[in-house]
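Asker: Sequence:
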Amino acid sequence: KMALRAMRGIVNGAAPELPVPTGGPAVGAREQALAVSRNYLSQPRLTYKTVSGVNGPLVILDHVKFPRYAEIVHLTLPDGTKRSGQVLEVSGSKAVVQVFEGTSGIDAKKTSCEFTGDILRTPVSEDMLGRVFNGSGKPIDRGPVVLAEDFLDIMGQPINPQCRIYPEEMIQTGISAIDGMNSIARGQKIPIFSAAGLPHNEIAAQICRQAGLVKKSKDVVDYSEENFAIVFAAMGVNMETARFFKSDFEENGSMDNVCLFLNLANDPTIERIITPRLALTTAEFLAYQCEKHVLVILTDMSSYAEALREVSCSCFSLS
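For any residue, its number in our numbering is found by taking its place in the sequence shown, counting from 1, and adding 1124.
In short, the hints are calculated from the structure, not lab data.
These figures come from a predicted structure and were not determined experimentally.
In this text, a Cβ means the ideal position worked out from N, Cα and C, and glycines have one as well.
Be a bit skeptical, because a hint or two may be false.
Straight-line distance between alpha carbons at most 30 Å, and here's what the computed BS3-like set of lysine-lysine pairs gives [to be verified]:
id : residue 1 : residue 2
1  : Lys1218   : Lys1234
2  : Lys1233   : Lys1189
3  : Lys1233   : Lys1218
Label-pair restraints from in silico Cβ distances [unchecked claim]:
id : residue 1 : residue 2 : range
4  : Arg1367   : Ser1228   : 24 to 30 Å
5  : Ile1299   : Lys1262   : 30 to 36 Å
6  : Thr1240   : Asp1186   : 16 to 22 Å
Turn these sequences into a full structure, and let the hints steer you where they fit.
Answerer: What follows is the structure, given as structure tokens:
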């Protein structure tokens, strides 16, 4: 009807009446940014209200048609709050879903669960460098939404060892004990063992500040040597430690080449399981798609192991 009314106005010589957008330019820009950063799926989705129980970070659903392992589930609480989860275990028509944001406030009778039919993917972009994200990959630095260049599976793909280049070149950390006695080659990973009271956070921040690439010999010319980035993921840290990492990177001018993921101690425990996977997926994108040399620093792996133990104990109590 609006189009016919506009056509009649043009025929009669009058200017057509077009609808006026509401909300202002700020709302329109925000909606466009969210539209670009959203992953659209054309698969049909099924919604259930068959929650039979809640145990820790897990939600148990009955009478689910063809649930799939690692499928993403969107939960809508009675007050309208949106949460996300992932299918952890499938047994016939029963599905066990681990909720990333925690299960507090979930009503078994009024909570609706929507099965998306897709796995957990994260939006990635080269603009993620210099930004700070929480453990779920959402920006927390009051910056704009990152416009995604691609949506990648956080589980990744295995790399054929036969196709890998033999590691010969070194990554310099600036710490003589590491560089001289246990040097890091490109493509290699090393653990740094610590204990309570030791300055492991300061060492991780120092490595992030001082890390750089070293050429194999003076005759080798590699124009990508300056193309270096760092992905830093902190799991289960308190507010003081998170503030220390962020302020240290900003004060020393290394924040522009760092992508920072922060999972706080008061965040849901289940979120710590996906934080290192988000960091590694981002690092793979920067390395393979953006052709950067990437150093990944994960701290503290003890918090990650405790999160795995909590989920394992919850699953054991269900069996």
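Asker: Take the hints in turn and mark each one as holding or not.
Answerer: Hints versus structure:
no. : hint                          : result
1   : Lys1218 - Lys1234             : holds (18 Å)
2   : Lys1233 - Lys1189             : holds (19 Å)
3   : Lys1233 - Lys1218             : holds (16 Å)
4   : Arg1367 - Ser1228: 24 to 30 Å : holds (26 Å)
5   : Ile1299 - Lys1262: 30 to 36 Å : holds (33 Å)
6   : Thr1240 - Asp1186: 16 to 22 Å : holds (19 Å)
Violated hints: none; the structure is consistent with every hint.
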